[in-house]
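Novice: This is what each chain is made of:
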Amino acid sequence: MALDERLMEILVCPTCRSSLDHKERRHVLVCAGCGLQFPVRDGIPVMLVDEAKPSR
Amino acid sequence: MAQTTAAHGWQLEQDSATAYERFLVPLLFDTSARDLVDRLQVRPSDRVLDVACGTGVVARHAAERVEPDGEVVAVDLNPGMLAAAQEAAANRAIRWEEASADALALEDGHVDVVCCQQGLQFFGDRPAALAEMHRVTTAGGRLGLSVCRPLDHQPGYRPLVDGLRRHVGHAAAEGMASPFSFGDRDEIVALVRAAGFRDVEARIVIWPLRVSSPAAFLRGETASSPLGGVIADLDAEVIDALIADISEGLAPHTDDAGVSFPIETLVVTARR
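Top line first, the protein sequences correspond to chains A and B.
If you count the first sequence from 1, position 3 lands on 28 in the working numbering, and the numbers rise without skipping.
If you count the second sequence from 1, position 3 lands on 1478 in the working numbering, and the numbers rise without skipping.
Hints were generated in silico from the structure; no laboratory data involved.
Hints are not guaranteed to be accurate.
Computed spacing ranges between beta-carbons, pair by pair [stated by the list, open to error]: (1) E49(A) - D1544(B): 25 to 35 Å; (2) D1627(B) - E49(A): 20 to 30 Å; (3) E1562(B) - R50(A): 39 to 49 Å; (4) I1679(B) - R31(A): 35 to 45 Å; (5) D46(A) - A1716(B): 53 to 63 Å; (6) S80(A) - Q1516(B): 41 to 51 Å; (7) D46(A) - T1729(B): 58 to 68 Å.
Just a sample of chain B residues kept apart from chain A, beta carbon distances all over 12 Å, derived [unchecked claim]: (8) A1558; (9) A1574; (10) S1575; (11) E1582; (12) H1645; (13) E1739.
Built from N, CA and C at the ideal position, the CB exists for glycine as well.
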């Protein structure tokens, strides 16, 4: 399921509040600041730090 | 009444979320959600945030009012609730996000209106959640919160909680009592002020509830909660005794059409 474009514009990282980059093929949002990767499940971004992974 | 941190472990599976949408929303939350967005004067072009959106009833009412130029973002910690919410809101332009109330993934000052219907009592860190609501609200923006008043003011839920305590156990009773666990006016007003909001006003708002029978009340409430499985596993004699006790407690509220009683809520509005 595609992620709503407008939602992408308004979401920020809950930790550092930097903007996010949608990596569609991996179904993740990657924070431009701290690098945390937030999963997108069934078109819903999961903006929970506990569920985010650090970038490699 | 969905929650955004698992303070009480009172989280729903998706079947419960669907039951919640079918039982609790028509019973109370649809009416109280409409009232909340009315009080907040949600209007076209507003940006609205619904915190602890549950199955999204506040978001749906807000979406009706902000269209076509406004937007509604709805967040909840519980993926089962969000799945039920998406289904219930099929054609509405609502943007759903799984997030915790105490760490919202929105820019500072992004929204005009923040709503939180029956969520605050479940948050693990209420000051942090209110600080986040303050942060994401624009200067002059509006906040609207509602919670249930304590169990002493709930003639319908008191017998339900007491019956569960007697026949099922302490944990079941505490779970059913959790929506009524944070309803003190002074405490809530102080918390909202401490987060930086001004013009804080608390109102007692009372709604009439009607259910077809004490058994239907027990079934609907427990199916819409994490207790559905617990009740399903009880012996028939225990269920009968539980229903008999609840019926006795609800006797003063029983009529020819079933049972009707008031539920007392506290609605707090404020400005940033």
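Novice: Give a verdict on every hint.
Specialist: Status of each hint after checking the structure:
no.	hint	result
1	E49(A) - D1544(B): 25 to 35 Å	holds, 28 Å
2	D1627(B) - E49(A): 20 to 30 Å	violated, 53 Å
3	E1562(B) - R50(A): 39 to 49 Å	violated, 27 Å
4	I1679(B) - R31(A): 35 to 45 Å	holds, 38 Å
5	D46(A) - A1716(B): 53 to 63 Å	holds, 59 Å
6	S80(A) - Q1516(B): 41 to 51 Å	holds, 43 Å
7	D46(A) - T1729(B): 58 to 68 Å	holds, 59 Å
8	A1558	violated, 7 Å
9	A1574	violated, 4 Å
10	S1575	violated, 6 Å
11	E1582	violated, 5 Å
12	H1645	holds, 29 Å
13	E1739	holds, 33 Å
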